[in-house]
Amino acid sequence: MTSTTKSQQDHPVAVYSDSQERLQSPRTVKALNFLDAFYRAKHGQDGLLADLSAVLASETADVRLIPFGCEQESVEWFDQRCKGNRRATLVERKDRLYEFRLDFSFKHAGHETSQTGRFFVLQHPDYPNVFIALTLEPSVFFDRGLMPFLSGLYPKVLLTFVAHKRLRRLIEDFKSQGNYQKIIITRASQRLRCQNGSNSEHVMPMVSWPNMSLTEAFEWVRQNNGWFQSIEFEIGDSERTLATISITRQGIVKANALLQRAYEMFTLPVCKTIHENITLFSRRARLARPDLSTSPLAIEFDTDMFSEVEENKRLIQAMRNMKTASVSVLHGNPYVHLSVLDYFDGSAFDIWVLDYRRIILVPQLKATVPAIKRIINHVFDDYAEGKLSSYQGNGQ
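Here the sequence shown is numbered in our numbering, starting from 1 and rising by one per residue.
Honestly, the hints are just simulated from the structure, not real lab data.
All the pointers check out, no bait thrown in.
Here are the computed distance ranges between Cβ atoms for each label pair:
no., residue 1, residue 2, range
1, D46, N85, 32 to 42 angstroms
2, K313, S74, 45 to 55 angstroms
3, N224, S307, 17 to 27 angstroms
4, A109, A288, 48 to 58 angstroms
5, E216, L292, 45 to 55 angstroms
6, S307, G44, 54 to 64 angstroms
7, T60, E219, 26 to 36 angstroms
Cβ coordinates follow ideal geometry from the N, Cα and C atoms, glycine included.
Can you make the complete structure from the sequences, with help from the hints?
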């Protein structure tokens with residue numbers, strides 16, 4: 001089924017209402033020309049990546065890939081959806097491939113600036129609730145338009161998170177399977193978790209340009225009890241750089257070359273994670289079970305995290321830092337028992353620590369997938385990362 005809401009001949013790209021001189025620069029005019037030509041062409045779900053790769057081979061540009069989960073098995077409802085100063089319009093749909101125009105405005109240097117651009121959404125062939133947004137548009141479109149638009153669709157649209165160890169494995173696999181000789185970290189945004197339990201301490205953001213090897217960068221972050229929010233690296237051989245690629249903790253990829261390989265090695269594994277998390281987090285509420293029994297989740301750690309009582313205090317303080325929920329401490333020594341009430345939708349949980357290596361999350365009568373994701377994200381970000389699974393013991 002194909003539906004067209006507006007002729008592709010009428011695509012106004014990158015309109016700067018308060019800075020018309022930017023449209024006159026040769027670089028901007030060239031960008032307008034290749035984007036307009038790209039959007040005028042017909043693209044199918046099986047050929048879109050190849051078409052985008054062809055653009056990267058001939059133009060100075062970046063493609064961004066944004067995997068996300070959706071509560072519906074379609075994104076046609078994006079059409080005419082407004083979030084703040086952003087409005088999406090469905091241009092065309094061909095089976096699993098959607099093309100949208102996004103109009104948005106923002107203030108720049110005291111002036112209101114209006115812009116428009118395009119993005120595609122590709123539905124995963126095996127996971128009907130998982131999608132990938134793709135765009136060739138410049139950074140301002142991504143930063144001021146597309147990401148705020150997608151974030152504003154929460155909780156119907158869910159981004160994911162990539163655990164620190166998994167992020168490293170993905171990059172290492174990218175290097176080894178492609179037989180690339182070197183990866184150099186050129187820019188990184190990292191967060192360092194606090195070591196103590198004082199009320200003033202929280203996750204500290206840092207941005208750096210380390211020019212480090214992959215091993216050096218990840219070891220430094222590990223030693224400082226942190227994780228990468230985003231990491232940008234150059235990949236190549238002894239003679240030249242083949243591509244500059246970045247990946248964020250949300251699984252968002254930006255690439256100026258090697259797009260097909262980045263899609264296969266980064267985006268598709270993240271899509272699988274999104275599908276697995278949706279499956280793991282679904283139907284955990286007691287009301288979703290005929291006998292109202294609990295269906296707990298477990299976060300398992302590789303070491304005896306809770307061998308000392310002081311670690312209980314650090315977990316409690318980390319949970320108290322959670323801004324999206326009310327956290328009550330029911331017991332803190334020798335075991336931990338917390339009650340968590342989500343501010344967004346009223347989901348409720350108990351958190352237990354009953355042994356040295358595990359946190360048990362027990363959903364109560366109401367427990368939505370977004371609320372579970374918020375708690376897991378917070379534990380991983382503010383306290384420590386572990387392995388997620390269904391708890392096999394008796395729920396508390």
